[in-house]
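Colleague: Chains as they are written, first to last, in my numbering: chain A, 276 to 657; chain B, 17 to 415.
Hints listed in this document are in silico derivations from the structure and should not be mistaken for laboratory results. Please note that a few of the clues may not be correct.
What the hints assert, rightly or not - With the C-beta cut set under 10 angstroms, the calculated list includes, among others, these residues of chain B facing chain A:
hint : residue
1    : Asn87
2    : Gln89
3    : Ala90
4    : Gly92
5    : Asn130
6    : Arg132
7    : Val210
8    : Ser223
9    : Gln234
10   : Pro243
11   : Leu283
12   : Leu286
13   : Lys290
14   : Gly301
15   : Leu305
16   : Leu354
What the hints assert, rightly or not - Only pairs whose alpha carbons sit at most 30 angstroms apart, straight line, appear in this in silico DSSO-like list of lysine-lysine:
hint : chain 1 : residue 1 : chain 2 : residue 2
17   : B       : Lys308    : B       : Lys328
18   : B       : Lys308    : A       : Lys348
19   : A       : Lys408    : B       : Lys367
20   : B       : Lys331    : A       : Lys408
To be verified - Calculated Cβ distances over 12 angstroms to all of chain B for the following chain A residues:
hint : residue
21   : Ala277
22   : Lys348
23   : Ile375
24   : Asn389
25   : Ile397
26   : Ala409
27   : Ala418
28   : Arg461
29   : Val519
30   : Arg527
31   : Gly537
32   : Leu538
33   : Ala541
34   : Ala559
35   : Pro641
The structure presented is a predicted model; accordingly, all values stated were derived computationally and were not measured. C-beta: ideal position from N, C-alpha, C; glycine also.
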Amino acid sequence: MAGPLSGLRVMDVSIMAAGPWTGALLGMLGAEVIKVEPPAGDGTRWVMPTQRGLGTNFISMNVNKQDITLDFKNEADRQVARDLAARCDVFVQNFRPGVIERLGLDWPTLQALNPRLVYAAISGFGEIGPLAKAGCADPIMQAFSGFACSNGAPGDVVEAFRFTGFVDLTTASIAAEGILAALNERVVSGLGQKVEVSMLEAALEIQMTRIAELQGAGRVMIPMGHENPAFVPDRAFRARDRFVFVTVRRQREWDGLCKALGLEAADTDPRFASNRDRVANREAVSALLEPVFAAKPAIWWLRVLPRHGVVCQIAQDFEGFRYHRQVSENTMLAEVSRPEFGTVSVAGTPWKFSATQCEVTPPSIPGADTARVRAWLAGGEA
Amino acid sequence: MLAGIRIVEFAEGIAGPMAGLRLGDLGAEVVKVEAAEGDWMREAAPVQPDGMAAAFFALNRGKHGLTLGENAQASGRVMREMLRGADVFITDRSPGELAEYGLADVLGTPWAENPRLIVADVSDWGASGPWAGMPGCELAAQAFSGYTRYLGSSADDPRRLGADVGSCGAGVFTAQGVLAALLARRESGQGQRVSTSLLNALISLKSIQLAAQSDPDQYSGPRVGGPHDAPERGWTTKDDPIFFSFGGSVGAEGRPGWTQFVGEVGLEHLLEDKRLDANGRNSTGHGSLVHKMRETYEVAFANFTAEDLVGKIRKYGANAARYMRADETMVHPQTQALGLVREVEAGAGEKVAVRAFPARFSRSATRTEGVAPQLGGDPSGWAASWGLSVELLSSLRGT
């Protein structure tokens with residue numbers, strides 16, 4: 276059986292990442308997704324690095340899509356766009372507020388044509404407020420949302436996540452969540468609606484716990500290196516040869532850690548009696564544990580800590596995890612191939628459904644489906 | 017939007033409860049089931065004025081609570097009764113742990129006793145493979161999926177992302193999985209199992225980087241950055257650091273405003289600098305030349321405040337932002353304009369601010385309920401409507 280959204284059709288006029296990956300997620304869920312590109316093309320086609328000349332960014336963000344070209348400066352093509360929207364279940368756009376109205380693809384216009392349409396509008400800062408029309412991009416929102424100011428070494432002011440695109444993909448995830456909610460509601464009401472998602476709200480959502488600490492207890496997140504404000508110990512330790520990453524949350528995990536490290540006395544020390552006591556005595560916990568970890572190599576801690584119910588890991592890079600059995604057996608990576616760009620690794624689906632199984636398919640080459648989709652629209656056959 | 021949908025959440029920490037939270041905000045009725053020892057997030061620091069862990073409250077507000085007893089079989093019988101009438105079961109327990117409760121059969125969907133039940137299992141490492149059922153956590157998943165490589169540099173101690181991105185990401189994907197399975201159920205009449213994990217979420221959210229590292233034509237640009245690069249700390253100004261970029265964050269396309277901007281801040285000499293392209297785009301945003309040019313910009317930026325520079329840059333159609341802490345973000349006029357913060361009831365008569373569902377719908381309302389369940393709290397207010405008799409509930413207190 277095909278994915279859970281099979282039978283639904285999505286029109287995606289977005290460019291760059293946050294909008295396109297929304298369409299890609301719906302495509303992975305089994306919807307038929309038609310990406311509409313301007314004649315100049317989605318700018319991600321040229322973002323470095325390319326593979327055989329096509330932007331790898333474009334390839335990864337546009338899996339599971341057909342691709343057509345329309346020139347919205349031309350009224351005939353705008354009519355084609357409206358005709359297509361009239362036959363779709365979902366419409367995805369990430370133009371700056373104001374632009375979409377000029378193109379005649381705004382929600383009131385499309386709602387009049389297709390009241391069942393779920394219309395997703397993805398923006399940087401939201402559609403209202405003083406920054407509604409300000410430009411945005413992943414690192415801009417990392418800066419604005421507090422996300423970057425929660426990273427860095429102790430004493431730093433800020434460190435942005437070097438891996439740009441993370442907030443874009445987070446935004447796409449929230450947009451897909453909202454679209455799926457609206458599709459569920461549509462089954463009852465028979466009506467579509469507009470779903471507004473901003474990178475700002477998405478960046479706050481992915482900081483759920485840190486924002487909760489701020490709102491509920493007034494605690495502001497500052498750079499803490501590899502430590503966690505909420506739990507102690509939950510950090511990296513230098514073993515004899517390399518770092519290990521160790522996390523303790525529950526009391527029984529602390530008991531297990533003390534036993535594994537031969538620190539039975541610490542287990543009865545009132546300074547470390549509960550997680551909150553350990554958070555209050557963070558430096559004392561570190562001073563106690565660091566020399567013990569440093570005395571043995573990582574492999575020892577990787578073996579002995581799990582035996583005592585404590586999570587312990589080492590850091591990997593792409594070459595380290597891409598062929599790991601845990602990654603491959605859960606199909607967390609996928610490969611998409613076309614003669615034009617070769618074989619490219621992209622994300623596998625983030626969910627595994629037992630009945631409505633999903634797959635990742637390569638993006639169409641830009642514009643490849645234009646003639647077929649135009650003919651289908653002109654023929655009037657759904 | 018999900019009125020009438022009933023969810024049993026037997027999950028702790030962040031991912032499973034976050035899915036339950038947001039589905040509840042969409043209108044579903046959620047019962048949070050906890051083992052006698054309680055959700056480990058209850059132990060987190062810091063606490064709210066009512067004494068509850070702030071993160072636990074934010075993740076579990078608006079849910080009914082049921083605390084199990086020491087007898088796993090009796091606990092399993094109560095959960096089984098609830099699942100017979102439920103639409104969704106969200107769990108982070110491994111198949112082995114569910115078997116201890118006598119609930120192993122629920123993972124086989126469609127479930128014989130309620131074929132419409134959707135089972136959403138969210139794990140640390142994934143439902144299959146050699147690490148299925150192995151305990152993991154946010155930090156371990158960040159390290160394993162390469163996230164720690166995108167902060168700091170190889171010479172320094174490792175760094176994590178301050179936000180719990182793998183757990184929160186998995187929470188969003190779990191909610192999506194449930195919503196998609198509910199749609200499919202409307203067609204098929206049957207539930208199914210949908211599996212998500214922290215590791216899978218982190219790998220999915222780096223699809224751009226995975227593609228960049230496949231077989232690139234050149235090893236160039238921010239998409240292939242790593243600990244061999246300098247940390248990204250922005251540009252220092254008279255006060256706070258900023259990020260700015262003429263022509264998109266990745267330099268896909270230049271914007272001509274740069275030529276006027278450098279004149280306005282006293283950097284006209286950059287117009288003659290042969291290292292820069294016509295619109296200076298390769299000297300802003302991210303990338304290796306950007307690091308080399310940073311000091312040049314910072315000499316001029318020392319004369320301006322961050323807000324002043326951000327205004328000047330935006331005036332020329334380019335992107336800029338001051339690096340803010342989240343406490344500044346939450347009171348910024350833009351954040352306030354979106355109306356995403358609500359005050360809700362916490363315990364002990366206190367009120368706490370929380371964030372509403374992170375999307376706005378033109379026609380449907382979302383809910384933002386307060387009050388999170390107390391461990392061992394009284395379920396009698398809702399239990400009868402879930403078919404839980406007084407006798408069945410009292411069986412939890414035996415051993």
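Colleague: Go through the numbered hints given earlier and state which of them the structure violates, listing their numbers in rising order.
Modeller: Hints 1, 2, 3, 4, 5, 6, 11, 12, 13, 15, 18, 19, 21, 25, 26, 27, 28, 29 and 30 not satisfied by this model.
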